[in-house]
Structures are given as C-alpha cells and as structure tokens.
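Since the structure of chain A is provided, determine the placement of chain B on it from the hints.
What follows is the residue order along each chain.
Number of protein chains: 2
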Amino acid sequence: MGSLTVSLSERAYEIEICRGFDSFRTMLDLVTTNNQVMIVTNNVIAPIYLDVMKEKLSGLNVNTCILEDGEVFKTLSAIEQVITSLLEARFDRGCTLIALGGGVVGDIAGFAASSYQRGVKFVQVPTTLLAQVDSSVGGKTGVNHPLGKNMIGAFYQPKLVYANVETLSTLPTRELRAGIAEIIKYGLIARPDFFNWLEEHLDKLLDGDADYLAKAIKISCETKAEVVAKDERESGIRAILNLGHTFGHAIETGLGYGEWLHGEAVACGMCLAAKMSYLAGWIPEEALAKTVALIQRANLPTSLPPTLSATEMLNHMQVDKKNRDGKIRLVLLRHLGEAVISDDYDPKLLLEVLENPAA
Amino acid sequence: MGSLTVSLSERAYEIEICRGFDSFRTMLDLVTTNNQVMIVTNNVIAPIYLDVMKEKLSGLNVNTCILEDGEVFKTLSAIEQVITSLLEARFDRGCTLIALGGGVVGDIAGFAASSYQRGVKFVQVPTTLLAQVDSSVGGKTGVNHPLGKNMIGAFYQPKLVYANVETLSTLPTRELRAGIAEIIKYGLIARPDFFNWLEEHLDKLLDGDADYLAKAIKISCETKAEVVAKDERESGIRAILNLGHTFGHAIETGLGYGEWLHGEAVACGMCLAAKMSYLAGWIPEEALAKTVALIQRANLPTSLPPTLSATEMLNHMQVDKKNRDGKIRLVLLRHLGEAVISDDYDPKLLLEVLENPAA
Chain A
1 MGSLTVSLSE RAYEIEICRG FDSFRTMLDL VTTNNQVMIV TNNVIAPIYL
51 DVMKEKLSGL NVNTCILEDG EVFKTLSAIE QVITSLLEAR FDRGCTLIAL
101 GGGVVGDIAG FAASSYQRGV KFVQVPTTLL AQVDSSVGGK TGVNHPLGKN
151 MIGAFYQPKL VYANVETLST LPTRELRAGI AEIIKYGLIA RPDFFNWLEE
201 HLDKLLDGDA DYLAKAIKIS CETKAEVVAK DERESGIRAI LNLGHTFGHA
251 IETGLGYGEW LHGEAVACGM CLAAKMSYLA GWIPEEALAK TVALIQRANL
301 PTSLPPTLSA TEMLNHMQVD KKNRDGKIRL VLLRHLGEAV ISDDYDPKLL
351 LEVLENPAA
Chain B
1001 MGSLTVSLSE RAYEIEICRG FDSFRTMLDL VTTNNQVMIV TNNVIAPIYL
1051 DVMKEKLSGL NVNTCILEDG EVFKTLSAIE QVITSLLEAR FDRGCTLIAL
1101 GGGVVGDIAG FAASSYQRGV KFVQVPTTLL AQVDSSVGGK TGVNHPLGKN
1151 MIGAFYQPKL VYANVETLST LPTRELRAGI AEIIKYGLIA RPDFFNWLEE
1201 HLDKLLDGDA DYLAKAIKIS CETKAEVVAK DERESGIRAI LNLGHTFGHA
1251 IETGLGYGEW LHGEAVACGM CLAAKMSYLA GWIPEEALAK TVALIQRANL
1301 PTSLPPTLSA TEMLNHMQVD KKNRDGKIRL VLLRHLGEAV ISDDYDPKLL
1351 LEVLENPAA
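As they're listed, the protein sequences go chains A and B.
No gaps in the numbering here: position 60 of the first sequence is 60 in the numbering used here, and each next residue is one more.
No gaps in the numbering here: position 124 of the second sequence is 1124 in the numbering used here, and each next residue is one more.
With the rest of the complex left out, here is chain A (with noise of 0.2 Å):
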C-alpha cells in the first residue's frame, strides 16, 4: 500500500504500510545480522499475532517476552523483564528485538534495544492505529516514572516500522479512536490540507475501512518523518508534535497512567491548546470550533475530566521535558494548519483555559 523513507543518513529506515505480514521476513532479513530474534509483545497482542509471526520467523532462533498489558506497566521493571529475557535467551550485540503491538510496547522494548549491551538492533511491527501513525516512528522510546510520563529513555531509532493494516481490524474502537486523535493532530500542526480531507472522510476513518486508515497513516507517518528528520532530538521543531501533549501528559498523570487511553488525553489537550490559541488572538473562532468539531465527531474528549483542578493541572504540566527555567512551553496553533512553541503566552489565559475547561 505503500512505503517511506525516514532521512536520517545513517539511521534512515523504512516504514512500510501494508496488507498482512507477506512482506515482512524480505524486509527483517534486510536489517538483521544474525538469527537472533527477541518478540517483545504483550499478553493481549499475543493470543492474536505471536504464532502468525513466528511462522514467519521459522528457521530463526526466536524468544519471546510476553509483558502486562497498559500504560500503568510501562516501568522500568519492564526493561529489567526484558532484558532478562534477552540474557536467558543468552543473544548477544548482534540480536534483534521485534515490538509487535501498541505504543506502549514500542516504547519499552525501544529503550530495551537502546539499552541491552549498550544497543541492539530494533523493529517496529505497530498494531494500534497510534503506533503506526505516531509511536512507533521517530525513535522516542522510553518509561514513565511515578513523577512524570516518559522520563527515562532515549532516542533510539527503530531499522524498520511495519504497519500492517490489517491488524486494526482487531483493535477495540475505544483504540481506534484514540488514534485518530494523533492524526488529527498532523492535520492541526502542518496539513491544513489534510485536516480538510480528514472533516470530509472521518467517518470512514471510524469505520475502520482500511484503505481510508492506509491514506491516514502514510500522510500521518509523511508529516512526522519530515519534522524528525529537520529535528531528531527535538531541540527545536521537532516539539510541535507534541500539540495537546503538555495538557494530556497532565491529564495522564493526573488520573493515573491508563485511566484516560494517551490520543484521548491529547485530543483533550489539543482542543485546550486551541482555546489558548484563540483565546490569544491567533485563531479565529472558527478554528477553534472545525478543531472542537472534529475531534468531537470522533467521540474524543474535549474537555478536562472534572475531577483534575487547575492547580493539578498546573502541577503536573511544570514536569514537562520542553519545559525551560521553569517556565511551560506549550505547542499552540498559530493558524489551522500551523503550531508554533511558546513561552510567551499570558499565563491567565492558561490558567483561564484550565478553569473553564470545556473548550
């Protein structure tokens, strides 16, 4: 259904979007260096694609690491699972370690890769819509901490994303959306044009047909792929993609990680960071409604969960990694179709959007 190349010179790396896992030992053989193969997945996953890819696998020597489904297990004891894994399996520097399943998944068995002997090679085979047009692209990886999401772990790219499609078709719809909440996002950062064609084709999107989702995961994976290239360890640009991210990671923390599912923490978040936006000057309302409208329209969360204060709210957001000497930076839209980082916001607006949280 198509392929893309993520440009960085010598840690390029393909992401393919397609139909079945046909294509996929071709492509595994490509990256690997020896037949040393770890599957880290999860006990949800498992039941569904471990004997599907196994039979691809055949005539490797494959382990597997079976983790706890859910946000709320994405510890550093994870890393310390896997790793023993790999140890008992006795795989040494040349091994490959395979994530097959969502973002969660990607993540830790990411910075397991990064960190196993000092980094091993790396795969990605996403299974939830927000690992294929999000996690799993980019090489963020990495575990939450008691205190703040995602705090520990590194930038690590993957050798190859594989995103077969047809694995959405199990996903729960809950997921699916949870999803379409990052695509959107690509559509409010940088693709107007797409945000367009996302109003005209959501509901095809929520139907899970697949060559609808196929065309949303390749604009999606497109827009990241450019933004990391220019910006591979986000000191700059590269933050844009965390529109709606500052409020959902609050969110996130806030209720305690799994409560909320992260696209739908994000979707929140970005219709708060539209308010702002709007709120400031820079959007019209109109925009911030098509925003609210969409994001609406797939059953996302637009406003704050009622039990989250302000001052919570506040807490949580100063433990942020774009955060500078204290001060929030938040991603904010300057028009549909283009977000800016900030600091230089009035903090009664953000305090205005966080009282009166329904955007």
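Among these hints, one or two may not hold up.
What the hints assert, rightly or not - Lysine-lysine pairs mimicking DSS-like chemistry, simulated, CA-CA at most 27 Å apart:
(1) B:K1230 x B:K1159
(2) A:K322 x B:K1159
(3) A:K159 x B:K1230
(4) B:K1290 x B:K1348
(5) B:K1056 x B:K1215
(6) A:K56 x A:K218
(7) A:K56 x A:K215
(8) B:K1327 x A:K159
(9) B:K1204 x B:K1218
(10) B:K1327 x A:K54
(11) A:K159 x A:K230
(12) A:K215 x A:K204
(13) B:K1215 x B:K1230
(14) A:K327 x B:K1159
(15) A:K327 x B:K1054
(16) B:K1322 x B:K1348
(17) B:K1230 x B:K1218
(18) B:K1327 x B:K1230
(19) A:K159 x B:K1322
(20) A:K230 x A:K322
(21) A:K230 x B:K1159
(22) B:K1056 x B:K1159
(23) A:K54 x A:K159
(24) A:K290 x A:K215
Hints listed in this document are in silico derivations from the structure and should not be mistaken for laboratory results.
This is chain B only, laid out in the frame that chain A set:
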C-alpha cells in the same frame, strides 16, 4: 598539569588533569546551559568532597543525590534513585549531572544522564585512579544485571572530565592498586614504551607520587582517547581496551559483585590472556613473565580465585558483550604492546588456562 581532547566531532570534550578544584567552576561554566546542577556521589565520597564541590558551585541551583557505595549497588534501582532526585528537584532537559566519585558513580550517573528526559548534560569528576585512567573517559555508561555485568547501558559521552589527582591521596591502597591494573593494560595493548616506563617507575605510582601519577594518567587517557576516537561504539578496534576484561567480568560475576575490585579482576584476567597468548605461540615466555611480574609487583592477583571452577568461568564468559554467535571472543596479545580481538583460538588452550589458573 595537562589537558587533552577526546576527538569525537560534535561530541568532543576535554580531559583536565590537575591538582585541586581551582579551575573546575570555570570549565564547568563552559559546558552548562542553565543553573541546574545535580551532584551524584556516594556515601564514602560525600563526607570528603561534597562541601568543597558545593563551594565551587555557589550561585547555582545545586542538588545532591547520594548513592550507596559499591559495585553491588550498580543496578537499575540506582538509576531510578537518580531520576527521582532529578524529578523532585524539577530539573529540566537543560540540567547537568556531575558524577563525583569512582567508576561505579560515573557509570550510574552517566546512564542516568543519558536517559533522563532522553539525555541531559554530564560531567565526570573521577576521584579514583581507576576512574581517572579508564572509566570516566570514552562514554561507556551502565549498570549490572544479576546475569551479567554492564549489560544495561548506553554510549554517552561526558561534556568534560575533570581529574584532580589530589583526590588520590585519600584513596585506599587497594583501590590505588586496582587503578594501576588499568594503567598497565595500556602498556600491554598499545604502548610498549609506556610498559617499560611502568617497569621503571611502578614504585613511585604505588607510593602515590602525584607527578608520576599525573603522567601515567595522561598517557593512559591519551591512549584510550585515541582508540575511542577511532571506534566510539566498539564495532571493532575499541574492544582491545577490554584486555583481561572477559576473564575479569566472569570473576566478578562468579564471586559476586564487589568481592574483588574490578581492577583486581582485570589484573588477573590480563595474566590469563597473556598466558593464552604465550600458549598459542604469539608472545615469548619472557613477555609473559614480564607481564605477570609487573602485575605481581603492584600486589595484584595473578591467578584465579580457587573457588571458581573452569566450568563456572566458561559459563560466565559466555555472557559477554564481545561475543558473537555463541563464540567467546577474547582480547589477546600479539606482542607485548599490541593486542588483537580473536575468536580464532584453540578452545583447549582456554580450558587449560582456566583449569591451571596459576599464570
């Protein structure tokens, strides 16, 4: 007393070898980007140097993380402890970690720096001879796993290495000697002239003569920096820096971390590597004798601890980062002053060396 540069293009950094901490603040200010500084040290070093270090950092936002002393605490839990300190201090991605202590502190602080928010700045202030001549230079960071030493980590270069030789005056004799093991290593693997110099001046080093120590530290760092500049991520030549380490790590794992000091285990390992090189017909008996004699003069072990069987040693040696496809790769001596990495040796020789451990 001298400074040199580790040439790694945009990751290049200075190694300063001096007496006292007078120039520390000036050099630190050249590499920091904000005022957030976390000193990572341990409960043995803190009472001696923490106050003097804090005094040098006046005006900065200084926090401290004090670890338990010892290789046995070099685990993922220590990483979590450092990250917790950083989060509690609300330090952002612009902060700097200072490792004040020996190799263990440097390995932990370095890996924590590499993974906190996916990477913050890192400065080494080594206070042991082993750290000054070896572990603080070259960017190897990481922690142990019960199944293998240094199995979880990252290649992550410091921004500055500041070696104050006066700190060696408070070092226990046993640790000074352990550092001398790594100094002898540089003579053996790459610097026959330096090996001769060590034969002549070993007593000065054992007496803790600051000028002779400074010279030995400088030549050691130069040798290491040259090798690291050629092969930062150990895809080839860098592995020669591991002379004696495959045996050494097996001893450390076999006895339990902390029983023998790392330098002691390496000293013994170098004798075994030299013996294998002799048995293979690569070095003459005289070179083996000179190697063992120098190590013995430094009061370092030259034979395996009697409690470790050959089978146990082999078992542990199979878990080594240099190994490929199940073969144990060893660093051996082609000449006294030249090392090679090889898995092309007669396995019987390895068994002979392990079964008759007296070199």
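Distance restraint between K54 of chain A and K159 of chain A, which requires alpha-carbon spacing of 27 Å or less: Status holds; Cα separation ~19 Å.
Hinted pair K327 of chain A and K1054 of chain B, Cα distance within 27 Å: 26 Å, holds
Holds or violated: K1230 of chain B to K1159 of chain B, with C-alpha atoms at most 27 Å apart: Roughly 19 Å separates the two Cα atoms, so the pair holds.
Hinted pair K1327 of chain B and K1230 of chain B, Cα distance within 27 Å: Roughly 25 Å separates the two Cα atoms, so the pair holds.
Satisfaction of hint between K1159 of chain B and K322 of chain A, Cα-Cα up to 27 Å: 22 Å, holds
Satisfaction of hint between K204 of chain A and K215 of chain A, Cα-Cα up to 27 Å: Given pair K215 of chain A, K204 of chain A holds - Cα atoms ~11 Å apart, limit 27 Å.
K1056 of chain B paired with K1215 of chain B [C-alpha distance capped at 27 Å]: The given pair, whose Cα atoms are some 26 Å apart, holds under the 27 Å limit.
Pairwise hint evaluation, K215 of chain A against K290 of chain A, where the allowed Cα distance is 27 Å at most: 22 Å, holds
Restraint check for K159 of chain A with K230 of chain A, where alpha carbons must lie at most 27 Å apart: Holds: K159 of chain A and K230 of chain A sit about 18 Å apart, inside 27 Å.
27 Å limit on alpha-carbon distance, applied to hinted pair K159 of chain A and K1230 of chain B: The given pair, whose Cα atoms are some 24 Å apart, holds under the 27 Å limit.
Straight-line alpha-carbon gap K1215 of chain B to K1230 of chain B, limit 27 Å: 23 Å, holds
Hint consistency between K327 of chain A and K1159 of chain B [alpha-carbon to alpha-carbon, up to 27 Å]: Since the Cα atoms of K327 of chain A and K1159 of chain B sit roughly 25 Å apart, the hinted pair holds (cutoff 27 Å).
Every hint, counting from the list given before, is met by this structure.
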